[in-house]
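Chains as they are written, first to last, in my numbering: chain A, 1 to 315; chain B, 1 to 315; chain C, 1 to 315; chain D, 1 to 315; chain E, 1 to 315; chain F, 1 to 315.
Calculated directly from the structure, the hints in this document are not laboratory data. From a predicted model like this one, the values you see are computed outputs, not experimental measurements. Please note that the accuracy of each hint is not assured.
Said to hold, decoys possible - DSS-like mimics (lysine-lysine), calculated; alpha carbons at most 30 Å apart, straight line: (1) K306(E) x K308(A); (2) K308(D) x K306(B); (3) K289(F) x K25(B); (4) K152(D) x K184(E); (5) K306(E) x K48(E); (6) K20(B) x K48(B); (7) K138(A) x K64(A); (8) K306(E) x K20(A); (9) K184(C) x K289(B); (10) K48(F) x K184(A); (11) K25(A) x K306(C); (12) K103(C) x K306(C); (13) K293(D) x K20(D); (14) K152(B) x K57(B); (15) K25(B) x K308(F); (16) K308(D) x K184(E); (17) K306(D) x K152(F); (18) K48(D) x K103(D); (19) K152(C) x K138(C); (20) K138(C) x K25(A); (21) K25(E) x K293(A); (22) K289(F) x K289(A).
Chain by chain, the residues:
Number of protein chains: 6
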Amino acid sequence: MKLITDAFEGDRLIGFFLIKDLQQKIAANGSEYFDLVLGDSSGTISAKLWDITDEHKETYAVKKIAKVDGIVTLFRNQKQLQIQRIRLSLPEDDIEIQSLVQKSDVSREELWQELRMFLEEIYSPTLNKLVKTILISKETRDALTTLPAGMKMHHAYYAGLLEHIVTLMQSAMQLFPIYPQLNKDLVLATCLLHDIGKTKELSDPISPEYTTEGELVGHIVLGIELINEAAREVGIPSHDEELLALKHCILSHHGDVDLGFGSAISGKLPEAIFFHYLDQIDAKLNAMKMSFKGNSEEWVYSPMLKRKIRNLNRE
Amino acid sequence: MKLITDAFEGDRLIGFFLIKDLQQKIAANGSEYFDLVLGDSSGTISAKLWDITDEHKETYAVKKIAKVDGIVTLFRNQKQLQIQRIRLSLPEDDIEIQSLVQKSDVSREELWQELRMFLEEIYSPTLNKLVKTILISKETRDALTTLPAGMKMHHAYYAGLLEHIVTLMQSAMQLFPIYPQLNKDLVLATCLLHDIGKTKELSDPISPEYTTEGELVGHIVLGIELINEAAREVGIPSHDEELLALKHCILSHHGDVDLGFGSAISGKLPEAIFFHYLDQIDAKLNAMKMSFKGNSEEWVYSPMLKRKIRNLNRE
Amino acid sequence: MKLITDAFEGDRLIGFFLIKDLQQKIAANGSEYFDLVLGDSSGTISAKLWDITDEHKETYAVKKIAKVDGIVTLFRNQKQLQIQRIRLSLPEDDIEIQSLVQKSDVSREELWQELRMFLEEIYSPTLNKLVKTILISKETRDALTTLPAGMKMHHAYYAGLLEHIVTLMQSAMQLFPIYPQLNKDLVLATCLLHDIGKTKELSDPISPEYTTEGELVGHIVLGIELINEAAREVGIPSHDEELLALKHCILSHHGDVDLGFGSAISGKLPEAIFFHYLDQIDAKLNAMKMSFKGNSEEWVYSPMLKRKIRNLNRE
Amino acid sequence: MKLITDAFEGDRLIGFFLIKDLQQKIAANGSEYFDLVLGDSSGTISAKLWDITDEHKETYAVKKIAKVDGIVTLFRNQKQLQIQRIRLSLPEDDIEIQSLVQKSDVSREELWQELRMFLEEIYSPTLNKLVKTILISKETRDALTTLPAGMKMHHAYYAGLLEHIVTLMQSAMQLFPIYPQLNKDLVLATCLLHDIGKTKELSDPISPEYTTEGELVGHIVLGIELINEAAREVGIPSHDEELLALKHCILSHHGDVDLGFGSAISGKLPEAIFFHYLDQIDAKLNAMKMSFKGNSEEWVYSPMLKRKIRNLNRE
Amino acid sequence: MKLITDAFEGDRLIGFFLIKDLQQKIAANGSEYFDLVLGDSSGTISAKLWDITDEHKETYAVKKIAKVDGIVTLFRNQKQLQIQRIRLSLPEDDIEIQSLVQKSDVSREELWQELRMFLEEIYSPTLNKLVKTILISKETRDALTTLPAGMKMHHAYYAGLLEHIVTLMQSAMQLFPIYPQLNKDLVLATCLLHDIGKTKELSDPISPEYTTEGELVGHIVLGIELINEAAREVGIPSHDEELLALKHCILSHHGDVDLGFGSAISGKLPEAIFFHYLDQIDAKLNAMKMSFKGNSEEWVYSPMLKRKIRNLNRE
Amino acid sequence: MKLITDAFEGDRLIGFFLIKDLQQKIAANGSEYFDLVLGDSSGTISAKLWDITDEHKETYAVKKIAKVDGIVTLFRNQKQLQIQRIRLSLPEDDIEIQSLVQKSDVSREELWQELRMFLEEIYSPTLNKLVKTILISKETRDALTTLPAGMKMHHAYYAGLLEHIVTLMQSAMQLFPIYPQLNKDLVLATCLLHDIGKTKELSDPISPEYTTEGELVGHIVLGIELINEAAREVGIPSHDEELLALKHCILSHHGDVDLGFGSAISGKLPEAIFFHYLDQIDAKLNAMKMSFKGNSEEWVYSPMLKRKIRNLNRE
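This is chain A alone, in the form it adopts within the complex (with noise of 0.2 Å):
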C-alpha cells in the first residue's frame, strides 16, 4: 500500500487513513463538500470528497477511520487527494490508529529505554527523586511519551516530545565534556523537564487541542506547578537550591523576558542559557528535517522559520 509521501501528482491512492481534519463546506456552485485532512504512518495530506450527501455527514468525523481511493493533484504547490471513493474501516479490516499516526524514526520503546538510561546519569538526590516521583505518575508519563512536542512546529508527530526530550539529553551529555562548569544533573533535569506542562496544555496524542488550563495558564507554568506537586510529595523544601535553579532553567527557557516569547524571567544561570540554545537547535532542526521530508524540491517553504529553506542533501 502506497504512503502518503511516496505518492505524487497523478498517482492513485488507495488505502486507509485517519481523519485528522474535517470541514463541511459550500461550493461555489452551491454544492455541499468535505475539505480534510487524512494522515498516514508517513505523514498527511490534505483531500476534497465532492457532492457530499446528509449521510456522509453523519458517517465522517474527526479520529474516525476511512478507506479511501483517489488521484493525488497538485494545488498551489501542495499535494491534494481527490477522492473517488470512501467508505468507514469495518472491524474486519483490522486497522488500528496507531498504525496511521506519524511517528518519530526511532520507537517509542527505544527512546523510553533511553530517557530511563540517562534518568541515572542524575546523581543528586533531590533532582533524582524530583524526576522520578513525576515519571512514577501513569497519566502523565503515557502523556509525555505519547503527545506531540508541538501543535505544528517541530516535533509535532506521535511521541515527538519524547523525541525531543531523549535527543535534548543525548546532545546535552555529549557537551559535558567541553563545558565543565554545567551542573549536569541541572541540564539533564532541564531536559526532561521543561515541556512537561504539555502533558497537561495539550488534550491528546491523536489530534492534540489545547486545554483550558493550557491557553489560561500555558505550559511553562504547568511545569512548575508539577514540579512543585512532586517536590511536596517527596519532602523537598521549596527553598532549595536545587529545585530553584531547575525551576529557573524552565522559567527561561523561552530565551530573554524581553523577546516577548513567554520566558517569565530571563536566564541568569549558565545553565540556562545553554539549555536555551540546545532547545533551540532541536527545534529548528527538526522542523527543517521535516520539511524537507517527502519533498523532492531544492527549496522548501519553512513554516517555522518563515522563509525558504535549502535542502543539500536531496537524492
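Got chain A sorted already, so can you dock chains B, C, D, E and F onto it with the hints?
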C-alpha cells in the same frame, strides 16, 4: 525638627535619620569618605561624610540610626547633605526605626481594615476561601502589610504594597457598575493577590533586597505557587474554573507576552485585560505623585516615565 | 421575525436587512454571484446570492434595504446566509433604515442626557465654555451622537462613539474620589473631546468611510483643530494653561510616541496618563463584549486582541 | 584673539565668552566650583572655575559675557578650559552678544534673500498666499530667522533653522527636474513651513529652552496651528485640497507612525515621502559636518548617529 | 490593439501577451483551469482559462507568447481577464518577446548613454578605473542594462535597474553643489555599483528568479565580490582608502544595521548616509508612480508602503 | 608574586604589570593623575596614580611594562589599585610582555594542535583545500592564534579567538552523531572560518583596536573576502556549491537579518541555523565564566547579558 522634604538649599538639617545606603569611597585627593542615603518619615536625601576614620567605618552601617547635623547643598539639581557632625543614636534618644521610614498617607491599620472589608465583597466561596487562607499565614500577612510595592518605581515605601492593593480594590469597586460583564469576585481576588509573590521576592520592608527566589523565579510565579498551596490546603481542585481564571489574571497582568514585560501568558479574559490597565493607572499615578512630592518645580523628571512631567497642582 | 444573532446553522432566516456591503464576483464555474454583508439591529451576517442577472446588478446596492429568505450555513466557523429569495423593500413595507442598524444597549437619547449632565460637572469656566461651544454646532452634535467610535475595532455601531464617551465620563467620575490629585475638569473635557475629530474623519454613521481629511490629517489633529476654532470663537487665548493641557491629553491619548500608535506627544500630565488607560479599558472591554455577543462558543476569536478569548459568562 | 575651535591642549585661551551654561558644584574636597559652558562664534568649550566665592555666585550667570584667561586641558578626550582669571565684560569692552554666538556659514541676510526668492517659485495662489501671510508676522519672522533648528542634534546654532529651510528648498529645486511628478508648490511650502512650529516651541535663539507649548503640544502640531490661523485669515477654506496636502506633509515628516518618531500620520503622498528623506539628508549631513568641525581626528563620535564617524576630508 | 492598462471592466481585450506566470488549478466543481499572469508593454493582468484539456497543459508555459481574446472583469477590485479564445503565437505573427515587456519611459539606449556620461564625472583614477573594469564585462553590462531593480517592489520592469541607477546619478549630481563636503566620485561610484550584485542575484530580465547565489549570499555581498575582483584585476590594493569607502557605502546602503534591513555595517561616512536616503527617495517615488499608473482611483493601495496612497495628479 | 585576581581589598600588590590603558586626568583639586588599567596573566585591575609630574607623563604609556607597588581598595564594588610606587621595567628585570597577558586555560600550542587535528576531519577536498590555503598565510595564522575573539564581550584575552574556534569544533564533533543530517565538513569549516575576518578587523593581540577595514567593512565581510581570495588561489569556482554554502553560514551567523545584529542574510541551511546557536552557547558561557572568575560573590554583573548572573559553583 525639620523633615527632609522641607529642607532646601542652604538650610541646616539636624535630626535622627535611618542609614538606607552606605558606600565607602576614595576622593580624588586620596582621602576616604562615606556616600550615604539617609531617610526619615518624609523621604530620603543623599549625604556625604568627608575624611572618615577607621572608627567611622566600624560604627556606621545600613539600617543603623544616626543623629546628623549638616548643611543642604545642591548637586546636579539634587539636594545633598554635607554632614558636619554625626553620632549613632543612643538608647536614651528613644528613636524607633518605624518613625524614620516613609509611609503611605493612610495608616497601615486603616488600609488593613479596608482590605478586610473588601474581602467580604468576594462572594464566591472558592475565591473567598482561597484569599482568606493565604491571609491566615502571619508571615504572609506581615509581609503584605509592610512591604513596598517595588524597589524604586512606584509605592516604594513602607506598606506601599498594601496601599496599592487597597487602591486597586477601591477602583475596581467603583467601576463594576459600569462594566457589569466583569466577574467582580475574580477582579477583587486578582487585586488582592496579583503581587502576593512579592512577599517572597523582597527580603524586608525597611531596606528590601531581592531574595534568591525572587531573582530566579520572580514574583509572578511565586504568587502562583502561594495560591496553589492555599488551594490544596482547602481542597480546591486544580481544574477549578475560578482558580484557573484567577491564575490567568495574575500570569497576564504585565500586559501582552510579546511586549516583553514578563507576563507568562497574554490576557484572554475581560477581567485580565481590565486589571492590567487598572494596575498601570495606579502604578503610574503613584509614581508621578511621588516625583512631585516635596518638589516645587513646574517640570519634574519621572524615573518611571523616563521623561519630564508637569505638576499642574503645585502651590 | 428572527434576528441575525438568534439564527444558527440550519435555520431559515426571513426578514428585512440593510445591505452593508456588496461585491460582485465570478464563481469558479464562470457564473456571477453577490458576496454580501447584511445587517439588522442585532448584528451582521455574510450572505451569498448565486447566479445573479443584470437585473440583480441594477437593483441592489449598498445602503438599500432588501427582504431576504435564506438558510444559515457554516463556512469556516462563520455563519453565512445562502439566499434563496430576495427583493427590495417597498414603501408599503414601511421599514426604516434606523430599525436595521445595530445600536448600543442604551438609547441615544439617554446617553445624550447623561453627557449633558456630566457637562455640568466641568466647573472650569474655560473648559466648560469650550466644550459647550463645540457642541452648539448641530453638524458636530449630530455626528458625535450617531457615529460609531471606529470602523471595526470597538463601539463599531450606530452611536457607538457617544456610548464610548459617556462610559468614559462615568468611569472617570467613579475614580475621581480615589485619585484626588487629578484635575476633574480636565479629565472630563478630555473624555468628551478626545475623539471629536472623528466627526470629521468618518463620513456617515450608517456605512462610514474615511474622508479625505481623515486620511490626510487624522482624527487626533482634526480634533485639535475643532478645539482651536471653538477657543478662538469664545476668546480663550492660545496660551491658556487649561487649553494647552486639554490639547496635550488629546494629542497623547494613543500612548507613548515611541510605541508608534499615533500619539503626537508622550503624556506628561497625570490626567493624560490616566485617560489613556481608561480609554484602553473601555475600548477593549467593548470589543470583547461584541465578540462574545450572539456567540455560544466557549472560546471566541477577538479581532482587536488578535487571539482567542474566553467567555466566562455565556449561558 | 584665538577662537575656541582653534585652541588645543596646552594652549592659553584669553578672550570674551558667552556663558551658555553654569552649574555650581561641590568638589570632593568640599570646596565649591563652577562647571561652565563657554561659547564664542566658533563653538563651545566646557570650563572649570575652582574655589569660587559668594561674590562669584552673585556675579556670574547664564547669558552674561565674561572675559576669561585659562589653559586648555583634555578631559576624557574633550577639551576643557581651566580658568585662571575671570571678570564680567564691561561696557567699555564693547562686546556684543551677537559676536559670541555660533552661526551658519552663510549670513542670515543672504539666507533670507534666498528664501524670499524661492517664495516666488510657489505659483499656487493658495500656498503662496498662505506662506506669505505667515511670514508677515514680525514675531514669527524674527524667530524663524534666528532660532537654531534644534537644541542639540543638527543646525544647533544661531539661524540654524533658516539655513536648514533654505538648504531644503535648494535641494528640492534641484531634484524637481528629476521627479516631475512632484507638486513643486507643495514641496516648497513644506520645506518652508515644516518646522514653523519651532518658533513657538523654543524660547529664544541665544540659549533656547522648550516653552510650555513646546512640551505639551510639540512643534509639529504647533506648526499646524500657525498654518490654520493664516489660512483662516486669508480665507482659505479648511477643506482646501492644497491646504490639506500641506498639513499632511508636515504631520508625516518624521517618518511612518509606527517607527515612533512622532509623526501624527504616515505619509500617503509622494511629496510627503520625498520631503521626509530630504529632511533626513540635510539634518544628518549637517550634524556630521558640525561633529567634524574643529576636530582633527580621523574618527569622531557623532551624537546624532550614536556611533563613531569618519572624516575623509580632514586636512 | 488595446493595451492592458487601457482596458477596463467590460472591455474586450484581443492581442498578444507574454505568459509571465501559469498555475494549474482545480475548481470547486472538480474541473481544471489555468490561473495566469499575462503581460504586454503596458503592464500585467491576471487571467483565467477555464476547463483546460491535456493539450492546453502541454502547449502553454511561462515565457511563451499567446494570442488571447477575452473580457475584462473585476475581482476584488483587481482587473481579471476571462479568456474565451487562446492560441500560441506563430512565426508568421512576427511578435518579438521584447515588444511584450514593460519598460521604463526612457529608452535603454538613452539611459546607457547618460550613464556613460556620468562615468566621466568620476575623476578619481581609482574609482574610475574600477567602475570601467566592471562594465567591460559583457555579461555584467547586459544584465545591468536589462534587469529590473527588483522582483516586485520598485523599478520592477525591463531595464528598471539601469533607470534606477541613472536617476540616482542625476539626483546626486544635482545635490553636489548643495553638499560640497561630499566626495563626488565616491557617491557616483556608489550610485552605479550599489546594486551591481543584482546582476548575479537575479536570473534573467524577462521573468527573473533568484539564483542560488542570490538566495545564499545576497546582492549586497555579491556586489562586493564583483568589486573585489575588478580591483584585483586592475591592481587596486585591498587597503586602498577609496576602495574601502566605496565598499562601506554599499554595505551600509540598506540603513542602520539594527533596523534589520540587511546592511552589513551601519553608515559611518557622510556619503553612505546621503546615498541611503537618495536610494529610498528613488525607490519609493518609483513604486508610488507605478501604483498610480493606469489607475484612475483617487486612493490606490501601495504594496511597497503597505497603505493606501493618494494620487493628486490623476487626470 | 600575588596575581591580580588573587588580591582583595586591603591587600598590598607588588609586581610587574602591563599598562593596558592610560588616561591623564585632572582631579577636582586641580592636580593631575593617571587613570590606568593594569594587566597580568590573571586579569586586569583599574589603578590610580595621583599627583603626576611631567616626567611621569613622558615615561608611561600604553603597552609599557611597569613595576608597581600599591594597595587594593574597593570603588563602587570594583577593585582599584592605589599606586604608591611605580617604575618602568628594566632590561635586567627580564620580564616578557607575553607573561603579563591573560590567556586561555589551555595553551596556544595545544589548541593549535587540536585545530589541526580537526582539520583532518574535513573530508571534502574543496573545503579542506580552502581552509588549508587560508591557514598557510603566516600573517593570518599568527593573528588567528593570538587575537582575542572580541574587544570585551567574550574570549577577550590572548588567543581567545583560537580557543573559541577549537571549542566550537569540539562541540560540533560531539553533536554530529545526534544530527546526522548535518554536513559535517561544512559545519567544521564554518567553525574554523566564521570569525576569520577578525584577523583583519583587529589590530593586534595585546591591546587590540579596530582597523579602518574593521570599522568600514566589518569582520563578516572581511572574512568572505579572505575566503574568496583563497578560493581563487586554489581554483575553486565562485559557483561551487560548497563554497556558497560556507559563505552563507558565515554571512548568517549573527542570526536572522531582522534581529539587526549584522547578519547579511538569514540562515537557510540547517548548518547555518545550527552554527548560529552553537556560537551563542560558546560566547555566552565563556562570558559568564570570565565574569565569575576571581569573584567570590554569589551574584555577579554580566556585561554581555546586561543583568546579574548567579555563580552556583563558587567555592
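What are the numbers of the hints that this structure violates, sorted from low to high?
Going through the list in order, the structure violates hints 8, 10, 20, 22 and respects the others.
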